[in-house]
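Numbering (UniProt numbering), first residue to last: 1 to 602.
Source of the hints: derived by calculation from the structure; they are not laboratory data.
Please note that the accuracy of each hint is not assured.
[What the hints assert, rightly or not] Result set (DSBU-like, lysine-lysine): computed pairs, CA atoms no more than 30 Å apart in a straight line: (1) 566 <-> 552; (2) 223 <-> 267; (3) 146 <-> 228; (4) 540 <-> 400; (5) 530 <-> 572; (6) 574 <-> 540; (7) 552 <-> 572; (8) 464 <-> 146; (9) 552 <-> 540; (10) 575 <-> 552; (11) 223 <-> 247; (12) 557 <-> 540; (13) 425 <-> 464; (14) 540 <-> 575; (15) 188 <-> 247; (16) 521 <-> 574; (17) 557 <-> 574.
Treat the numbers as computed from the prediction; the structure is a model and nothing was measured.
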Amino acid sequence: MATELSRIRNFSIIAHIDHGKSTLADRLIQRTGGLTEREMSSQVLDNMDIEKERGITIKAQTVRLDWKGPDGLDYVLNLMDTPGHVDFAYEVSRSLAACEGALLVVDAAQGVEAQTLANVYQSIEHDHEIVPVINKIDLPSAEPEKVRHEIEEVIGIDASNAVLASAKSGIGIDEILNAVCERIPAPKGDPDAPLKAMLVDSWYDPYLGVVILVRVMDGTIRKGQQVKFMQSGTTHLIDRVGCFRPKIENLSDLGPGEIGFITAQIKEVAQARVGDTLTDAKKPAAEPLAGFKEVQPVVFCGLFPVDANDFEKLRESISKLRLNDASFSFEMETSAALGFGFRCGFLGLLHLEIIQERLMREYDLDLITTAPSVVYQIELTHGGGHIELHNPADMPEPNKIESIAEPWIRAVIYVPDEYLGSILKLCQDRRGIQQNLTYVGGRAQVTYELPLNEVVFDFYDRLKSLSKGYASFDYEQIGYRDGDLVKMGILVNEEPVDALSMIVHRSTAEVRGRGMVERLKELIPRHLFKIPIQAAIGGKVIARETISAMRKDVTAKCYGGDATRKRKLLEKQKKGKAKMREYGSVSIPQEAFIAALRMGEE
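Work out the full structure, taking the sequences as your base and the hints as a guide.
Here it is in structure tokens:
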């Protein structure tokens, strides 16, 4: 039986990484009796090991809680625990679209940070009622009044009635639950209208197939009903309807305003795309819900097994991971240096790191990752149309290229005043264009437009090390712009090494090239002949280092007699070395590749 609309509250938790979002979710579940003390574990809703270890949320999760409100009535609270990281911004936007309100959790010691802002603005766009929660008030460095003032000043929402809480020690949990009942509006919806439900998230379960998280807007979704996915055009028969408390509870139906899950014998997550609209196959809705978009990979890199025999295992593992995460793409590629592997597309750097770590951990693979690159749009000469370039090795000849456009982002950086100078220099070095600089309390808020190509390498690491970890960073894509971009190739013993080629801006090519050849000189072992290492753009060498030959003393056995005997032997050796250099191949060890492709570029 569907719950009465006026008693339902759908809300999400918005916070920067590490401000206590998952801990607060744990406390709310515990307080409402969702799980007993014995069943509780920390970060209940983060069910991947990586999520628990890093303290980040990767997949959106939902849980249904029962609570007796301050007016004595029983309420049903649907909590959506959303990812906080920019790579998952689209998932966050769908989760927010499924709610009517949000708890804005801000750390009482750290104040408002970049991601908090990005997600709050999304929440405001969805017309949410926002309840500020100042968390960790029991810390010795907590300054709740300062943070209250910061929320009002930076975000522009009234924080006079913000709830003071500490999720860890359980302070203020009842007040938060009461505030949700009192201040967040009830959902709207017509139970008799044609079915309209939004697909909020989907994941693969080995027993149930694809599990789909839905928020019903109008109509009712029932077991045994034939539903149609309006964007992908497929129809499926629902075989299970339920909700999470956080344990699975089977229900007969889900009414308007309710959030729950369905299964429909779907085999691949790719068929159930986030943001799609579900409707009744026999009595469909006139039009789908707004806001759907295809998720496009932004960052590409090659994944190769260290041991070539593991290629089939890698293929199998990537296919299994893809069952659970439809937002990354992969296709096979070969490299002269690294053998067979896959070219994979990701939503961002954190996404890349997570997929890579999961392949290594869950499937026990040793991987080499090539330098990450972004998608370039190349306009060809003589009306040859335009192509999208994912792999620098596939770049056409320079005379066939009319122009190259690269993706740009708008980055908002929060940084304490004393580190501002070095952060501004970092952004200038990365071809950034400063848009804005304002002060919030003792911190600067800098807005820059930057090419994504300059950010994917090691921008985040440099930002954190220059600011001793205090800077926070958030970005959004703002489209493509033409740039003076060139392909820089690395030649070892005059042979190009395709895995090390990259696309760089002409102004930074020399510095990048010099850094790469110097590092390779350290990494490639000496051979019996001289090895030149060059960085080149087209036919022009821009940086060069030479690894000197190992010297074998051929004159050791030559004692006494005329000096010409020694010279004769040395001449013979010289000819041998020239011949060896011509026909000898340079073996570059795998460790050298791995070290050369490390993110730390400068």
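Hints and how they fare:
A distance of roughly 14 Å separates the Cα atoms of residue 566 and residue 552; the hinted pair therefore holds under the 30 Å criterion. Restraint check: the Cα-Cα separation between residue 223 and residue 267 comes to about 18 Å, which is no more than 30 Å; the hinted pair holds. For a cut-off of 30 Å, the pair hint linking residue 146 to residue 228 is broken: about 51 Å separates their Cα positions. Note on residue 540 and residue 400: the hinted pairing holds, with a Cα-Cα distance of about 18 Å set against a maximum of 30 Å.
Distance hint between residue 530 and residue 572 is fulfilled; the C-alpha atoms sit about 16 Å from each other, no more than 30 Å. Under the criterion of a C-alpha separation no larger than 30 Å, the hint pairing residue 574 with residue 540 is consistent with the structure, at around 28 Å. A threshold of 30 Å between alpha carbons decides the hint, and for residue 552 with residue 572 the separation of about 13 Å falls inside it, so the pair holds. Among the hinted pairs, residue 464 with residue 146 is consistent with the structure: their alpha-carbon atoms are about 24 Å apart, no more than 30 Å.
A C-alpha spacing of about 34 Å is found between residue 552 and residue 540, which places the hinted pair above 30 Å, so the restraint is violated. The hinted pair formed by residue 575 and residue 552 meets the criterion: a straight-line CA distance of about 14 Å does not exceed 30 Å. Proximity of residue 223 to residue 247 is assessed by CA-CA distance (about 19 Å); at most 30 Å being required, the pair is judged to hold. The suggested pairing of residue 557 with residue 540 is violated, with an alpha-carbon distance near 45 Å, which exceeds 30 Å.
The straight-line distance between the Cα atoms of residue 425 and residue 464 is roughly 14 Å, inside the 30 Å bound, and the hint therefore holds. A C-alpha spacing of about 28 Å is found between residue 540 and residue 575, which places the hinted pair at or below 30 Å, so the restraint holds. The hinted pair formed by residue 188 and residue 247 meets the criterion: a straight-line CA distance of about 27 Å does not exceed 30 Å. Our distance criterion of 30 Å between C-alpha atoms is met by residue 521 and residue 574, whose separation comes to about 23 Å.
Restraint check: the Cα-Cα separation between residue 557 and residue 574 comes to about 17 Å, which is no more than 30 Å; the hinted pair holds.
In summary, the numbered hints that this structure violates are 3, 9, 12.
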